[in-house]
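**Q** From first to last, the protein sequence lines are chains A and B. By our numbering, the letter at position 220 of the first sequence is numbered 220, and the numbering carries on one by one without gaps. By our numbering, the letter at position 63 of the second sequence is numbered 63, and the numbering carries on one by one without gaps.
Hints may be right or wrong, so weigh each one.
To be verified - To give an idea of the chain A side of the interface with chain B (calculated C-beta under 10 angstroms), a few residues:
id: 1; residue: P39
id: 2; residue: E43
id: 3; residue: S86
id: 4; residue: V88
id: 5; residue: L92
id: 6; residue: V96
id: 7; residue: E116
id: 8; residue: R117
id: 9; residue: L121
id: 10; residue: N122
id: 11; residue: P188
Unchecked claim - Residues on chain B that point at chain A, a partial pick, calculated with CB under 7 angstroms:
id: 12; residue: G34
id: 13; residue: P35
id: 14; residue: S38
id: 15; residue: I56
id: 16; residue: R63
id: 17; residue: I64
id: 18; residue: T194
In case anyone wonders, no lab produced these hints; they're calculated from the structure. Given the structure is predicted, the values throughout are model-derived calculations rather than measurements. Idealized CB from N, CA, C, for every residue including glycine.
Listed below, chain by chain, are the residues.
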Amino acid sequence: MIPKIIATSISAITIMLASGLPLAAKTAQDQLGREIRVPDDPERVVALAPSITEIIFALGQQGRLKGTTQFSNYPAEATRLPKVGSYVRLDLERIVALNPDLCIAIKDGNPKEIIERLQSLNIPVFAVNPHNLGSMMQTIQKIGGILNASAKAKSLVEDMRSRMQKVDALVARIDRRPRVFIQIGLSPIISAGTHTFINELIVRAGGINVAAGNSAYPRFSKEQVLALAPDVLIITSMSRSGAFEKTKADWNRLSDMPAVRKNRIYTVNSDVFDRPSPRLLDALEILTRLLHPELFKDGP
Amino acid sequence: MILNLQYNITRLIWISLILLAVLFIAFSLGLSIGPTKSGMRSVFSALFSTNASDSILYSIVWRIRLPRVLLATVVGATLSLGGLVFQALLRNPLAEPFILGISGGSAIGAIIGILLGLSRFPGICVTSFLGSLATLALILVMSTGKSILRKDALLLSGVMVNAFCSAIIMFLVSITQDARLHNIIFWLMGDLSTADLPQVIVLGAILIPCFIIVFVFSHAMNLLMMGRDMALTMGINIRAVTITLLVATSFMVSATVSFSGLVGFVGLVIPHLLRLVLGPDHRILVPACLFGGAAYLVLCDLLARTLPQQGEMPAGVITALIGAPLFIILLKKSRK
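Just chain B, same shape as in the assembly (with noise of 0.2 angstroms):
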């Protein structure tokens, strides 16, 4: 495989606008839309008024909607990225945080931080992050020698991961008996409905950051894709990139699980459709994930809010509905 890598800032550029367009979009939709009906008009004239702060309206958009659907947009993109990243590092089309088991990881050490009764921020962050470092780790033991290049080899040692995380998380939550039992179980489902405004700009200010830290490794990506040797003739530092790149993007992964719970699939579904438009440069790929997972995730988010007609199903019910079934036929298409 030969990749085109003549690097095109106008294409860059214009590919950005389109997708921060579609983002913009996705936002006022998820704004606007909600158990209170009202008019988008409405809800943006209530959005940029100055002196309405005691309107209901100006609440509900302000103090509801808009931590909800930032938190959306910062989830959907790191989990995008999240994929993204590990798709490459491993060279595995398959991989995301959570098939990986990483986010599953992250869960146990978040619920660890939650039956400790700490903060959600830095304690709950940082349990979690613990988590996933540690189901990282166990991946790449299980995963590296001989046989790394193997698609099964990656993905049977995440399934373990899974089950196994999945069975901590059971044993934690059947010792739990008190009210803290029904907030651990949607969260674990994937939950956008807690968010405060704070919280919200506290995460965002952790994770762009780590952004900016994939965007300057993206070419590095593009030649760890190509191979070692390629990699290595090129000047690249493997061993560094490569550390750099998991620690940062477990990071990511595991600050949003602290705050939205295990959102699955969006690594896998956004970084696929847009490779499949855009084609594989990561230096296009990585901000076209930023933008096309957060767009997703508010979409996903917004159908979970408005479909039931009782109350709001977790968002990562949506998202898994829609990214299990994709998932299945890229491992058909790729046995090909």
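Excised from the complex, chain A in its bound form (with noise of 0.2 angstroms):
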């Protein structure tokens, strides 16, 4: 019986040790629903997008970090890290040249073909996919079981809940939703549609999204934007100098937009808007402060 068990135990690292696959490894399943094998301490890890090189960050975890992608900018110390092309268009050389044992993907950006290629050099690839603040947080929670850093996930995921409810509660006062527009391309001009992350904040927020429907990111004309009315205008910058003055100038002409003739048009920060990382909750408070200043009259 017992050389038995030693036989297929060796036999099985044997098997291991040729498939090239670490010893210490267990199986998680990611949000695409697939089994992936992953090592047991995951330590040359290559984040394949800037809202993962985030949620790394903010679990603690950024010693396992080797790599990241070229927008990774969030905190500082992540643009030191080796950059990997960006996350629509990834360097596969540089990828392996990390040596990485995990690399952790996003389903809307990364190209399917590399992702396949990664994983036929016997690279685990953990995929998540967040598509609102609810599946974000479970992206928070699979990254943090698979980085062993599954206490830090639930204490960061119940200060995210914590936030919303507090602004839920606030928005909960509220008599009047304005009607918000958030144009985060300039120019075309793009804005956000229902299935989005933006949607859910202005929602969220207590506003209503005029650009509201089936298409994820839709065009605009600006005559479509006035026919809209909207009563806030936020523009995305993508800290291009001058880019939102030039616009808001732009938007200023059509003096019969409420936006412009209460002077409602603002720019936020869009890499905290559309990153799905726990800055979405800042986003969240920003623009609840923006859409609802009454509410912080007497202070936060």
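Can you join these two chains into the complex? Each is in its own frame, and there are hints to help.
**A** Listed below in structure tokens is the structure:
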């Protein structure tokens, strides 16, 4: 009996060695429902999108992070990590050269072909698919789970939930929802439809997304925006100097628009608003303040 | 113009060997230069090692750089050969798959294939071939008749077909809103980075018979260049030769387009350069264009990979930067 066990385990070990998999591996289900074998204690992680980098830092697991993508600029420490191309245009060779024992990919953005090729090179790829605030919190817990930081992930998510509830409680007191147009593309004018984080943020912050609709990132002409009569117009800036001022001046010529009459054209940091990372809660609080300054009259 | 048609097999072998050596050097450079700094010697030892299957350099050389350099080789060979064939058949030194709009037509077919969610082979390959045949027919209809010998008619119809193709491409791109958009845009600029070794082998298997067909008809192209009457007296079935060559060329061009997107001007630069150096005999130009075009695109792709500090640019950007000015120079010269 005992020799049999030894024999089986020896052959099992041989198979594992031969297939190039690390001995200590666990199986985890990623957010696409795939069973992925990941190392027990991943030491060389490459994050394939800025949001994933932010999540890993928020979990305090940056020690495991060996590479990240071009626009991973938050927190500042992340800019010092090696870059493996941008998240839509990953550089396979740079990823492989970092010898990762785990890559974390995002479904919405990372090209499927590159992910498949990474897997064919025996690099485990754990895919996340945050598509609303709820699933973003699951993403954090999933990543926390595979990086052995479940406790930290839990407290992070609890903190996010309590901040969300505070906003909900505040917004419950409002009597009127302003019509909001968020401009995420300057030329052409692009906004965000119903099935986006931005729509969820607007609704939660007590506004009406005038761009709501089936198309995720619809295009608009100036005339269409005017016809939608937004009370508030928010431009997400890509930190290009002067771009916001110029766009605002453009809109200000259309004095019939309620947002222009009430002087409610604002800019927000696009990184905070369009990355599915814990900073979306900052975005929610910023947006609530912009839409309902009356709620914050007596201090925060 | 009287061609010296004395066929010299030793000359063919020498020229092929020299260009093959150039291709070998380009190939070695392409394999050994990349974001991961490593000497040529270690690259080659990784390339020929048998048991180093888990070293990083082995993966990089075998799984990333080799497919890419091989893809550049076959795409470069195809496009330069395509240019040579079109220049001979249309008797126009400025003809080239990209300029004529053939590439644009196959790009439309390929994008439709991508949007339909087809696999790269055979799905996208077929839609792209249909697209190229459609534009080829359009160009032939527009430029035949009395004006077949006039350069301007052909070029103008090519320009119009190209403009029309890019309008359709922009239309398709602007109704696409998901993540496939990024892929399409990079692919349109000529992208060699997505190749996988099995795919490249499939592509090579498709292309080699086409290369052989073109080589078989290389002497017929010589005779066609001397005029229809001359070709007829030499016993050439002009119609059959023209159609075979046009279909074979369009097929191989669309096969490469479906893999690498729009890489322009390779078919202009290489045949011209080689014709300048080697003379007008197609029996020598066909193999020379194969090896020369391959080496040229491997080097262009190497530049595209190494010039930007971050990431890389599409190889089509480099070939157009070199090719478009050359096209203008040639146009100006041919007017004199």
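**Q** So, for every hint listed, does it hold in this structure?
**A** Hint by hint, here is what the structure shows:
1. P39: violated (15 angstroms)
2. E43: violated (15 angstroms)
3. S86: Since the shortest Cβ distance to chain B is 7 angstroms, the answer is holds.
4. V88: This interface hint holds because 4 angstroms falls under the 10 angstroms limit.
5. L92: This interface hint holds because 5 angstroms falls under the 10 angstroms limit.
6. V96: For A/V96, the interface hint holds, since the closest Cβ of chain B sits about 5 angstroms away, which is under 10 angstroms.
7. E116: holds (9 angstroms)
8. R117: A/R117 check passes; min Cβ-Cβ to chain B is 6 angstroms, inside 10 angstroms.
9. L121: Holds: closest Cβ of chain B sits about 5 angstroms from A/L121, inside 10 angstroms.
10. N122: OK, holds: A/N122 within 10 angstroms of chain B, min 8 angstroms.
11. P188: Holds: closest Cβ of chain B sits about 9 angstroms from A/P188, inside 10 angstroms.
12. G34: Cβ of B/G34 sits 5 angstroms from chain A, so the hint holds.
13. P35: holds (5 angstroms)
14. S38: violated (9 angstroms)
15. I56: holds (5 angstroms)
16. R63: holds (6 angstroms)
17. I64: With a minimum Cβ separation of about 5 angstroms from chain A (threshold 7 angstroms), the hint on B/I64 holds.
18. T194: holds (5 angstroms)
Violated hints for the displayed structure, listed by number in ascending order: 1, 2 and 14.
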